[in-house]
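Each chain, written out:
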Amino acid sequence: MTVAQNLTATSPPAPRQRFRFTPAALIWPAMLYLILTTQVPFFMTLYYSLFRYNLVDPTNRPFVGLGNYISLLTDPQNLRIVLNTLVLAGGTLAVTLILGGSLAMLLNRNFPGRALLRTLMISSFLVMPIVTAVVWKNMLLNPVFGFFSWVVSSLGGVPVDWLAQYPMASVIAMIAWEWTPFAMLILLTGLQSLPEDQLEAVRLDGASPWQEFRYVVMPHWTQAIQVVVLMETIALLQVYGEIYGSTSGGPGVATTNLPYFIYQKAFAEYNIGLASAAGVLTVILTNVLAVYLLRMINRTLAHNKGD
Amino acid sequence: MTAAPTTNVPPNRGSAAARTRIQNIVLTTVTYLIAIAFLFPLVWMMMAAFKTEAQAFAAPPVFAFTPILDNFQRALPSYFPALLNSLTAAVGSTILAFLLGLPAAFALAVYPTKRAQNTLTWMLSTKMMPAVGVIVPLFLLYKNLGLLDTRTGLILMYTTMNLPLVVWMMHSYMTEIPYAIYEAAKIDGATVSQEFFRIALPLSMPGVSATALLCLIFAWNEVFFALNLTTSDAAPLSVYIGSFKTSMGLFWAQLSAAATLTVLPVLIFGWVAQRQLVRGLSLGAVK
Chain A
1 MTVAQNLTAT SPPAPRQRFR FTPAALIWPA MLYLILTTQV PFFMTLYYSL
51 FRYNLVDPTN RPFVGLGNYI SLLTDPQNLR IVLNTLVLAG GTLAVTLILG
101 GSLAMLLNRN FPGRALLRTL MISSFLVMPI VTAVVWKNML LNPVFGFFSW
151 VVSSLGGVPV DWLAQYPMAS VIAMIAWEWT PFAMLILLTG LQSLPEDQLE
201 AVRLDGASPW QEFRYVVMPH WTQAIQVVVL METIALLQVY GEIYGSTSGG
251 PGVATTNLPY FIYQKAFAEY NIGLASAAGV LTVILTNVLA VYLLRMINRT
301 LAHNKGD
Chain B
1 MTAAPTTNVP PNRGSAAART RIQNIVLTTV TYLIAIAFLF PLVWMMMAAF
51 KTEAQAFAAP PVFAFTPILD NFQRALPSYF PALLNSLTAA VGSTILAFLL
101 GLPAAFALAV YPTKRAQNTL TWMLSTKMMP AVGVIVPLFL LYKNLGLLDT
151 RTGLILMYTT MNLPLVVWMM HSYMTEIPYA IYEAAKIDGA TVSQEFFRIA
201 LPLSMPGVSA TALLCLIFAW NEVFFALNLT TSDAAPLSVY IGSFKTSMGL
251 FWAQLSAAAT LTVLPVLIFG WVAQRQLVRG LSLGAVK
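Protein sequences, first through last, are from chains A and B.
For the first sequence, the positions run 1 to 307 when this note's numbering is used.
For the second sequence, the positions run 1 to 287 when this note's numbering is used.
Excised from the complex, chain B in its bound form:
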């Protein structure tokens, strides 16, 4: 055997340790530098929210300034209606997606058949349907049904977007519940609804909150349906921010204040739920 004896201390151990330490310091510094560069656009935006318009627009850029709150004050009147629409659409669609998705996930998890697997795959495959493949008839249908520019219209589409996620994720959490628990309940004469409300739902509560959080984030950030199915009355935050693209684009400070208010709730949600985020984003493939 030519394997080096591991008990022997190599002669250059001291310098090797020093080299490792230097290497570590360098790598850590690099990590921090990349992180700062990555966070910069966001920090820059949030800084501009507290500047005057002149400071936000200044070239060369202003780094030191006295923070003001005027921009938030000016953004709020137009921000609130959009916030209300975003909240309604996000919460409404999440609730509807759970009402439809939880029973399905439960049935697929507790009665796993070959067909159940196919159903799951099919549901996931609807996520591969690009929104542009359905937008034209949806737009015409919405127009005829009076759903254009309504919150109901948004809720219906966001439910479509999140329903496969709910079924897939909740199925993944519910299959983690040991099957013996269900069997024991069956022997005790539990009905299907008892199995659902007494076992599956309580035991997969962490999954419910993680999945709901993801649904809320996706609905909140959605742009395509929002821009093409709403104009003013039901316009959520994405449409509101989009309006800064042209007419209001020159008010950088006000834009930054509105954008900060728009991204902050999602940032906080995401930071808190980051562990569950991985599982949700990879649809359970990576845990």
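Looking at chain A on its own, in the form it has when it is part of the complex:
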């Protein structure tokens, strides 16, 4: 107390001058905005998650402590939803890495029309997710009139009701269609920064294509791959529009992930308390995964610098 007072008393009076932009004054508006619109609502979510709170009866709002979390984590159906979230994100990530990586290698050659193809290939990433969902659901995956059913039956097969029989695989295919160009673009840029003479050198040394890939391309590619993994993981854990527009989480809860579950709890059942608790759990899950991936990236960067 007295120390602080002494300090303020002895410090020189602030020079009276025209208001000047200090670095802090330039940074604060942006920080304040982000705090107000992300941190504050999150702490409110945290607060709501401790109450039994339904908008149908908003005046009756008893404190239940961790009750919402306990009912979330003990209902076996919810385990399925967490699993769906991880399968959806992990499955899509795997498909986009393999497809995007292959496409990146194919586009990293010289052939006529390469620039045009590269440009056109990013299209599906630019399409609004809900357009993807509605178009895929109706025009491609419809069991009777959909294009894929026509392909199957003209090949002599039985038409498939994709979204009913293979809901998760269909949704993954749809979202992978959107995200493959993203992986391709980042991985292609990563490949292009690989010096050509390095490849020439190992080829002259008689390396097989596999050895070339394993010992020259892969180590160089690691950073780009990790960027793809990190960015896609964060985005894919939050998939919502694609599910809203196609399966609405069904059949049953087969394609319900955490964001869609929270939407249902909050905006269909008005169960604010439970939705908030699920929101908190989603934030924790996302951050744990993201921090883990970031650490991995930093380790690789440090390792590469050490070379």
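What you were told as hints is all true, and nothing was included just to trick you.
Here are some, though not all, of the chain B residues that point toward chain A, as calculated from beta-carbon distances under 7 Å: (1) 45; (2) 101; (3) 126; (4) 132; (5) 133; (6) 221; (7) 224; (8) 242; (9) 244; (10) 252; (11) 270.
So these bits of chain A aren't anywhere near chain B, every CB distance computed over 10 Å: (12) 69; (13) 70; (14) 77.
Which residues of chain B face chain A? A partial, calculated answer using Cβ under 8 Å: (15) 38; (16) 103; (17) 106; (18) 107; (19) 111; (20) 217; (21) 259.
Keep in mind the hints are simulated off the structure, nothing from the lab.
Just so it is clear, the structure is predicted and the values come from calculations on it, not from any experiment.
Think of the CB as a built atom: it goes at the ideal place given N, C-alpha and C, for glycine as much as any other residue.
Let chain A serve as the given structure and place chain B on it in line with the hints.
Structure of chain B alone, referenced to chain A:
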């Protein structure tokens, strides 16, 4: 040394060259086939936009048809209000994100301290906050403040979404300006605002346009906040297209026309800006 002498011509050089050529043709063909398969859903949608409803719905599918514009005509009256909302939300949030983000990016780039690095990382970390972690209180707040179903409400959230991107990207562009230029300006007695308006901003203009383009695309394509914070008056294109999910889902041709009009601006933007896209999408990690 066992390394093969490179000057010697291997005996089977001719056939090897032929094999490489065939391999090249095969790989190029495969590339084209995958590209066609990938573009097909989009092409199919755009084709349906020019069909009659019966043709769009036909099984087996119709490939040859006389293009008509009726679907666009029918979609336009409901498309325009949504377009206006989307444009307002996208442009408004981009401007606001730049107003807030540019000064911050400048300060962080020109006065790099340990704290500045932490601030940058923190700003980026707000992007790891899933929208579902904030939507419930936001919805209740919006309800109390009368912001539900307003364009202002959308602009405020899209700004949150794009602000870290603006700071991060513009910081990355502004640190590329040689520090000596700033120092020279300081010696000449330039104030902070002069440094910003005379040096940092003009020299990072390419970054501004690339980042703005990304912000516009992200805001335009956003679905979650749009669906949960707007219903009719301020409903942007994503909500409008979402309405085809149930009631209008059977009008495939009209849906396709509306969807084509919705994705085309972003497609053109993205194709034009594809070089900058990589840097923006990877937040500067891959250039």
